[in-house]
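Engineer: Okay, here's what each chain looks like letter by letter:
2 protein chains.
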Amino acid sequence: MTKLPCWNWLRLYNRQTLGSDLVAAMIVTIMLIPQSLAYALLAGLPPEMGLYASILPLIAYAIFGTSRTLSVGPVAVVSLMTATAVGNVAQQGTVDYATAAITLALLSGLILLFLGFIRFGFVTNFLSHPVVSGFITASGVLIALSQLSHILGVAASGKTLPELAFSLATVIGATNPYTLSVGLCCLLILHWSRGHLAKRLERLGLTPLLAGALAKCVPVAVIVMSTLIAYALELDARGVELVGAIPQGMPAFSQPHIEWTVIRELILPALLVALIGFVESVSVGRTLGAKRRERIDANQELIGLGAANLASAFSGGFPVTGGFSRSVVNFDAGAKTQGASALTAVGIALTALFLTPALYYLPKVTLAATIVIAVSTLIDWKIIKTAWDYDQADFMAIVITIVLTLTLGVEIGVMSGVGASISLHLYRTMRPHFAIVGTVPGTEHYRNIDRHKVLTHHNILSIRIDESLYFANAAFLEEIVDTELSQRDGIEHVILMCPAVNMIDLSAVEALQEVNSRLLERGVKLHLSEVKGPVMDALKRSALLLQLSGNVYLSHHAAVLELTQKS
Amino acid sequence: MTKLPCWNWLRLYNRQTLGSDLVAAMIVTIMLIPQSLAYALLAGLPPEMGLYASILPLIAYAIFGTSRTLSVGPVAVVSLMTATAVGNVAQQGTVDYATAAITLALLSGLILLFLGFIRFGFVTNFLSHPVVSGFITASGVLIALSQLSHILGVAASGKTLPELAFSLATVIGATNPYTLSVGLCCLLILHWSRGHLAKRLERLGLTPLLAGALAKCVPVAVIVMSTLIAYALELDARGVELVGAIPQGMPAFSQPHIEWTVIRELILPALLVALIGFVESVSVGRTLGAKRRERIDANQELIGLGAANLASAFSGGFPVTGGFSRSVVNFDAGAKTQGASALTAVGIALTALFLTPALYYLPKVTLAATIVIAVSTLIDWKIIKTAWDYDQADFMAIVITIVLTLTLGVEIGVMSGVGASISLHLYRTMRPHFAIVGTVPGTEHYRNIDRHKVLTHHNILSIRIDESLYFANAAFLEEIVDTELSQRDGIEHVILMCPAVNMIDLSAVEALQEVNSRLLERGVKLHLSEVKGPVMDALKRSALLLQLSGNVYLSHHAAVLELTQKS
Chain A
198 MTKLPCWNWL RLYNRQTLGS DLVAAMIVTI MLIPQSLAYA LLAGLPPEMG
248 LYASILPLIA YAIFGTSRTL SVGPVAVVSL MTATAVGNVA QQGTVDYATA
298 AITLALLSGL ILLFLGFIRF GFVTNFLSHP VVSGFITASG VLIALSQLSH
348 ILGVAASGKT LPELAFSLAT VIGATNPYTL SVGLCCLLIL HWSRGHLAKR
398 LERLGLTPLL AGALAKCVPV AVIVMSTLIA YALELDARGV ELVGAIPQGM
448 PAFSQPHIEW TVIRELILPA LLVALIGFVE SVSVGRTLGA KRRERIDANQ
498 ELIGLGAANL ASAFSGGFPV TGGFSRSVVN FDAGAKTQGA SALTAVGIAL
548 TALFLTPALY YLPKVTLAAT IVIAVSTLID WKIIKTAWDY DQADFMAIVI
598 TIVLTLTLGV EIGVMSGVGA SISLHLYRTM RPHFAIVGTV PGTEHYRNID
648 RHKVLTHHNI LSIRIDESLY FANAAFLEEI VDTELSQRDG IEHVILMCPA
698 VNMIDLSAVE ALQEVNSRLL ERGVKLHLSE VKGPVMDALK RSALLLQLSG
748 NVYLSHHAAV LELTQKS
Chain B
198 MTKLPCWNWL RLYNRQTLGS DLVAAMIVTI MLIPQSLAYA LLAGLPPEMG
248 LYASILPLIA YAIFGTSRTL SVGPVAVVSL MTATAVGNVA QQGTVDYATA
298 AITLALLSGL ILLFLGFIRF GFVTNFLSHP VVSGFITASG VLIALSQLSH
348 ILGVAASGKT LPELAFSLAT VIGATNPYTL SVGLCCLLIL HWSRGHLAKR
398 LERLGLTPLL AGALAKCVPV AVIVMSTLIA YALELDARGV ELVGAIPQGM
448 PAFSQPHIEW TVIRELILPA LLVALIGFVE SVSVGRTLGA KRRERIDANQ
498 ELIGLGAANL ASAFSGGFPV TGGFSRSVVN FDAGAKTQGA SALTAVGIAL
548 TALFLTPALY YLPKVTLAAT IVIAVSTLID WKIIKTAWDY DQADFMAIVI
598 TIVLTLTLGV EIGVMSGVGA SISLHLYRTM RPHFAIVGTV PGTEHYRNID
648 RHKVLTHHNI LSIRIDESLY FANAAFLEEI VDTELSQRDG IEHVILMCPA
698 VNMIDLSAVE ALQEVNSRLL ERGVKLHLSE VKGPVMDALK RSALLLQLSG
748 NVYLSHHAAV LELTQKS
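Taken in sequence, the protein lines are chains A and B.
The numbering used here puts the first residue of the first sequence at 198, with every later residue one more than the last.
The numbering used here puts the first residue of the second sequence at 198, with every later residue one more than the last.
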């Protein structure tokens, strides 16, 4: 049996690494307390579930995960996906709703573990990066909008941009001025401190390290201040919603309640949550790993995240994954190993044990402001511009993903994005680039007759194919040969030059056989040249080479030489 | 406005073409009468709907279609798909069932027209040929099995192999010996005449043309004989099911009855019927067209087949498309233009007007035998062997298609087949072939260091990438460079040799940027060589070339020369 990944860091653990990890853990704990409460709110769940999802899952990942600095726990996009999926099977606020969220974590965990055991880490490759960026940007917009109702102090809901906008428009008149005031203050302080506080503190003479650490405490300070203000001014009597009573203590180790009908409804969302969570997490892990030359093993990551989600499900939490901002903070704060995560878990556990009564007067609007500021970093419209400049197909895939995520919701959005990028890729390779080529005078080189002054022979048609041949372009190959041949008289030999053909599938072999027999009927021979080794190996297993009316030449020049000498 | 396709043949029509077309039309009419009745039976519809689907649709295709010899009408696979789709929304034998079949033709027609107008003829390229063969083979098996109950004279039903087998097993004890006898006789005669009759007649001194024409009349002769026998022996009293009363006369021009709930259920099946029908039809049309150098325009074919299906819907028929065997007969019988189809329509119309009373005593088992013999030509197990020999991925796609079509039905079967071939193609290009290359001594050629004796430089790593770079393999590219670099010491330059890279999408550009910055952190420069024109054009629109730590070289040799002289 191979060793658990935690062996790699545990066996080298010493006082120095413990010291570094402890500092990082304290900073991340302070950051994670408001985030865990806020993302539970975003997922439509009671705040304690956010804390529960930030204890055992961290320990599980520390044991089974490969990234030393990844900070696992509730994250924005997955929490939004949870709200969408669970909202389809239960009413928010009911026990069934919480149970369904736990079931979703269980299913995602099992799916991730299964994919890890069958070594399917490569599935993420099917998600094109622009599509993922587009999806996350659109999700960020939806998340920010969904928090707007908390900031206005009204009850609005919806899973799509039109639903949310309509819902907000109908209730905006009922805006609570006290809630809005608290919300705007929090937004302003959080936004300003994010951009400027650290620099201001440095200018006041603090060391950069201390200034940075202090700036990271602002969210907690905002929470403490708004809680005190809510308590002192009795804001609940003025309609400001408070977090209220959070059960004190550690989560009970509970077996998730399983219902088949719910599982059937949640299996597809669980798959999407698992994949999106995995893609996000692995890309964060890889980015941070590259800075320290640490390798992230995608298959082991599936197992680590799967274990984290199972741990979440068995301790009353909801789906978790590696978060970007927290992981960067963890890394910057000097975390050396997964020990930092384990220590963060201890910090959150202590919070759950002792600090929850202090959160009674925390206004929900403060948490909403925390979320809005956090997701503002996810929104990246620049990717649209980059894609527009680069390529139509990439641009289309992003726009489809963003528009459908905003208008039809996260699930349809991400599935359409994957569908769009695959379809566009096939569409792009469907009409392969090809060139009629001739000899560059005095050389053995063959180049495009439209771009270069080259020599051709009246009875030889040389076509260079610049694409692998497979089912999506097999028909087009027949068309190319037909069209080019019909424009020329006296052709006796067609040579397909294949230096850029990396693969020929069975559909394309059949198309070549068809081309071969059609040419034969016209008395024209078909030759191949510069076929690559692996492609030639494949062709030898088909009937094409037996039927081919002409020959296969190692170089195009050899083909032309022999065919001109013959005639 | 462009001219209607029929203009192409109408303006050149003369007595000679009329003569040829008339002969072909007579033979095809004789063949189409039993087929149209039989395929209506297969689709679970009253026999007259088979005749109706063989009149106006032929005229519509003759006006709008581009193949001169394609014979449009009811065909086996599409009839089976109709039975499956319509069986989900209505009970066989009810008016709703017939209405749903008409609605299916209407929807398929509209979908085909729409795809034609937006010039989406290329969609068929997404269906790999082996997958289509596998689907048709599995459908042929299902069709033959579904007719077995008619041949045994029992009532069995089912849409999948297990359902049909189970249903047959429970009722096989109730086999009607009279029905079975008629069925076996028909099967034997039809099977034997197909293989041997024409040759026997030739040996008896008949001309090949006459012998062939006579052999083609056997199905009609079998129908006449079994009708006479059923009448004479009063077989209906012995439990042999007869076709019974067929309304005499032409179909009324009727507006299809539209119900939203039915349309929603039928829209996906209609899309599948449209696509499969189109693929089958176009491949028949192309095969025949190639023999006479006639071009088939895929987009115009969509419009032709769309018009045919609309015509079918508005005259009480069901989905139609171009059939293989009938078209070959039409071609062989000397049809010169779409006029032959129009004349065939007249033949079927005359049948509907005058001959239906004569079909009262026709046993259904005779029609079932006709179907079994017809579909036996569709079944092609050889494709499995061919694919097995050629390539794992093609083999997998076929097996998935066949197994799922047999066990879960035609709709899931064909969708899974498309999904499988696309996934396998992506999987195949996901781990691109690459080679570390070195100079072949005394030349400017660079070859794989594992296959050839080549020279390398201690500080240069040359990697040749043998695949287009896109989202599915972008991550793998990073892995290749990382892995190869970690196995060597003292590398200062990495050169990616790209002669076989036909396309780089945005995900791959981002991966290259990532590779570039990671190498830069280690003090290694990244260069590109032999980048193709279109790829270079694309890269110029990205930020990669600005960030690239090294250069882009026209030839790999130039790169190595310059980099070795520098150091």
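Don't read these hints as lab results, they were simulated from the structure.
Honestly, I wouldn't trust all of these hints.
Any copy will do: because identical chains look the same in the list, a pair fits if it lies in one copy or spans two.
To be verified - Below, in silico cross-link-like pairs of lysine-lysine (DSS-like), each with a Cα-Cα straight-line distance of 25 Å or less:
1) Lys650 x Lys729
2) Lys488 x Lys356
3) Lys737 x Lys582
Engineer: Tell me, which hint numbers fail for this structure?
Structural biologist: 2
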